[in-house]
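**Q** Listed in order, the protein sequences are those of chains Y and P.
Everything in the first sequence is counted per our numbering, starting at 4 for the first residue and increasing by one.
Everything in the second sequence is counted per our numbering, starting at 45 for the first residue and increasing by one.
These aren't lab readings, by the way, just hints derived from the structure by calculation.
These numbers were taken from a predicted model, which means no experiment stands behind them.
Using N, Cα and C, we set each Cβ at its ideal position, and we do this for glycine too.
A couple of the hints might just be wrong.
From the derived model, a few chain P residues whose C-beta atoms are all more than 10 Å from chain Y [claimed, not checked]: (1) L147; (2) R149; (3) L173; (4) I177; (5) I202; (6) I227; (7) G235; (8) D253; (9) E296; (10) G298; (11) V304; (12) F318; (13) S319; (14) C387; (15) R525.
Using C-beta positions, here's what the derived DEER-type ranges look like [unchecked claim]: (16) Y/V321 to P/N308: 36 to 44 Å; (17) P/H168 to Y/I118: 54 to 62 Å; (18) Y/A29 to P/R422: 31 to 39 Å; (19) Y/V328 to P/R422: 34 to 42 Å; (20) P/R457 to Y/F127: 25 to 33 Å; (21) P/D176 to Y/V321: 47 to 55 Å; (22) P/A103 to Y/V321: 55 to 63 Å; (23) P/R149 to Y/F127: 34 to 42 Å.
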Amino acid sequence: MDKKKKTGIGKLLEIKGMGSSLTAFAGLIVIYFVFGMIDHKVFSAQNNLNLLRSMSKYLLIGIGQSYVMITGNIDLSIGSVVGMGTMISATLMSHGVPTLPAILVTAVAAVVVGILNGFLVGKFKLPPFIATLGTMFVTRGIAFIVNGNRNTDNVASGIGKEAADRFQKFFYYGKTFGVYNTFWIALITFIIFFFILSKTRSGRHIYAIGSNVDAARLSGVDVVKTTIKAYVVSAICSTIVGLILAAQAGMGNMDAGNMYEMYGVAAGVIGGVSPLGGAGLLLGTFGGAGVWQVLENGLNMIGAQIGLQRIVIGVIVVMAVLLDVVIRNGSRTSGLGKKAG
Amino acid sequence: MGNVIVEMEHISKAFSGVQALDDVRLELHEGEVMALLGENGAGKSTLVKILSGVYTRDAGTVRIFGKEYGNLTPNSAREAGVAIIHQELNMCRDLTVCENMFLGREIKGRIALNNAKMEEEAQHYLDELGVDISPRQVVGTLPVSKQQMIEIAKALSIHAKILIMDEPTSALTSKEIEELFRIVRRLKESGCGIIYISHRLEELEHIADSVTIMRDGKFITTGAYKDFTMDTIIEHMVGREIKERFPRVECELGEKVFEVKNLNAGRLVRDINFSLYKGEIVGFAGLMGAGRTETTRAIFGVDPKSSGEILLEGKPIRINSPLDAIRAGIVLAPEDRKKDGLCTKLTIRQNIALPNLDTIGGKSGVLNRAREDELCERAVKELSIKTPSVERDAATLSGGNQQKVVVGKWLVRDSKVVMFDEPTRGIDVGAKVEIYHLMNELKKNGIAVMFVSSELPEVLGIADRIIVMCDGRITGELDARKTTQNEIMRYATMFENKLGKAGSSTEVNDHG
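Modelling step: build the complete structure from the supplied sequences, incorporating the hints.
**A** This is the structure we're talking about:
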């Protein structure tokens, strides 16, 4: 047990999960430069801005899904909650409800879904796959029903051109310090939830129930409350994305957010969040969302077909987890070897 | 007595440096029921697992029906005629009796499975045992006793001649036990040899022909059952004295801190009454499944209580969850550290901090890292947890050090009552003594300490007062300085009269 003097990097690497987070960022940079070499347009200022903006959606989704995955569960309702958020907010606005109340109502609806998910999984011990499959259908159904089974009209038709403009600029088209607002929204959300997860009691409880729910309960952790918190975070993040999509289109699309829950899983997993719970850093999710977006963007720029994009992303997700499993199994066998010897 | 069918000689086996078996021998004859006896951890299970091919031995020879076997595997052991009826039954609950009996060796017709043939055969063996079970019943719907019969029928159907029964009666009622014994006798008549492991010594007179006794991984003695008395058996099982390994500190007995009144929770916690005082350690002794763990869990609010009262410093308190208990100042270091004690994926620091987060963070819930480090450092130092860094995963620690984390995380907060469940299970002697010192430290600080232990020497050496449980009830309360292992064992085997005619454990004078 020699006490080595730790340099900054050494200290950083000592943090659990930092390794896979940094790996994700390294991958992101490599992919970025590889595509940039192929097509210099990748490096253009406008492309970088677009990249940051489109990455933001995946980052937000990734934050929510990572919270839930760290508790050892999954949230399949994310995409539908995105759709529900888009539709509720856009329906209200296109019917003349001012922006702020519309957003508030949307947020309340999302929190209710989060609490419901948390209750079903934490309190009634439903398998999270089933519980959130149910809420996935229900919330998508709500997304359809709120505006009578059709997409909404332009929000400007309800709240007027000026207010609609402000809404769209705030969430999507506007810039602050030269970068799209969407990115700032995602970044601030990230910082808040990063802080909660790594620096507060609730965050620690989230890791604990994901690692060993029995031990956590015996240590005085309120498992039901903690599960609810994770699902509420997921629902809030989904709603923000729902609002972003509404702002982007200027209207509500019933199918918005389709499959987003899986993008969230992918972002988290690429960044080293364990789908079995108990491990992972939100920083990794940031890297994972980045890897995803840089890939999609790069493949687009070099003119790859959408099908190829999907294949590449699929391979990357499996590779990331495979790497993790191989590393973990490697350390396990060596551990056993030590015991036997 | 018939021919020798199993001969095991000079068997040794070590697990990660710990000698589990040391030069053990065993001999089983045709048509014999041999009781294999010893305390928990004496090596009985390891020995039969070697015979059934689950473990490979380090040294020694095994002969079955005169044929010498090298390394047995579960398959080769089965082919040799060895079958083990596990303590926890190994069956697919959702499949039928017949499907379970033929699992992995299904009889096929030309295209599909030949269910008719399998059912017919299953029925044949069930009839042979004289039990009323249909091959088509779903196993999960049957009581445990019937499931056991299916295991036995399955053993017969693969022509097993050597049956190992590990605690077969622990979950059975008296009628079911009689039924089991009837079948054991029938198997015996048909020439099977049976190795019977049980803690319930009073059962032996009903079925045992011979006895083999082990202790601390060593062979102690063997002989015909009729040549032993209950007292000589117990003496052979526990006979050792190692008081020095158990540091005891003397404290003045203080006031009553904690009281449990008429606590009931399920079958294994029945009408429990006891008190804890400042300046003493109370040991809970008993056999496995006596309800000691269940009692601690009920007190701590893990399992629901059906009735009873808990008083802390004279005032009744309500505990419906571990959180209630911790807030009141009552903590539990649980028995199964992998399952209940440790978050193996979290770091050592995070594990130690987990139950203390209320003190580490303020009202805001934001954690104070400096305070957390300080707390963690204190725990690591006081317990001498050996690790290069507290930022390592808890899973990387050795068993003893993991246990120190499980225990240590509770000690950095101010508690009034500390319960330990098997605090030294599976750890080496040095680590054990460190944990004893810790318990003594708590005792000196006026904290009420109780611990559950299946190791009698430890209970005798560390506790001031001993409460003995058997089958969910408190059967005795003894002064640790005056009692003996034999006396504890007698209380620990004081089962309610399930068998009508009981063994030597009936005459008991109340020491409470």
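**Q** Compare the structure with each hint and give your call.
**A** Consistency of the hints with the structure:
1. Listed as a non-interface residue, P/L147 keeps its Cβ farther than 10 Å from every Cβ of chain Y; the least gap is roughly 26 Å.
2. Distance check for P/R149 against chain Y: the nearest CB is about 31 Å away, which clears 10 Å, and the non-interface claim stands.
3. Annotated as non-interface, P/L173 keeps its C-beta farther than 10 Å from every C-beta of chain Y; the closest such distance is 38 Å.
4. Taking the minimum C-beta to C-beta distance to chain Y, about 32 Å, the non-interface status of P/I177 holds against the 10 Å cut.
5. Taking the minimum C-beta to C-beta distance to chain Y, about 31 Å, the non-interface status of P/I202 holds against the 10 Å cut.
6. Remark: the non-interface label on P/I227 is consistent with the geometry, its nearest Cβ contact in chain Y lying 37 Å away (cut-off 10 Å).
7. Every C-beta of chain Y lies more than 10 Å from that of P/G235, the closest at about 39 Å, which supports listing it as non-interface.
8. The Cβ of P/D253 lies farther than 10 Å from every Cβ of chain Y, with a closest approach of about 38 Å, so its non-interface assignment holds.
9. A cut-off of 10 Å between C-beta atoms confirms that P/E296 is not in contact with chain Y; the least separation is 32 Å.
10. Distance check for P/G298 against chain Y: the nearest CB is about 27 Å away, which clears 10 Å, and the non-interface claim stands.
11. For P/V304, the non-interface assignment is confirmed: its Cβ lies about 19 Å from the closest Cβ of chain Y, beyond the 10 Å cut-off.
12. No Cβ of chain Y comes within 10 Å of the Cβ of P/F318; the nearest lies about 22 Å off, and the non-interface call holds.
13. At roughly 24 Å from the closest C-beta of chain Y, the C-beta of P/S319 stays outside 10 Å, upholding its exclusion from the interface.
14. Chain Y draws P/C387 into its interface by the beta-carbon criterion, the shortest separation being 4 Å against a cut-off of 10 Å.
15. The Cβ of P/R525 lies farther than 10 Å from every Cβ of chain Y, with a closest approach of about 33 Å, so its non-interface assignment holds.
16. At about 53 Å, the beta-carbon gap between Y/V321 and P/N308 misses the expected band of 36 to 44 Å.
17. P/H168 and Y/I118 have their C-beta atoms about 57 Å apart, which keeps the hinted 54 to 62 Å range intact.
18. The hinted window of 31 to 39 Å between Y/A29 and P/R422 holds, with their beta carbons roughly 38 Å apart.
19. Checking the proposed 34 to 42 Å range against Y/V328 and P/R422 shows it holds: the Cβ atoms sit about 37 Å from each other.
20. Our hint of 25 to 33 Å for P/R457 and Y/F127 holds, since their Cβ atoms are close to 32 Å apart.
21. At roughly 53 Å, the beta-carbon separation of P/D176 and Y/V321 lies within the given 47 to 55 Å, and the hint holds.
22. A hinted range of 55 to 63 Å is violated for the C-beta pair P/A103 and Y/V321, which are about 46 Å apart.
23. Between P/R149 and Y/F127, the C-beta spacing of about 40 Å keeps the proposed range 34 to 42 Å intact.
Figure legend: structure checked against the earlier numbered hints; hints not met, in rising order: 14, 16 and 22.
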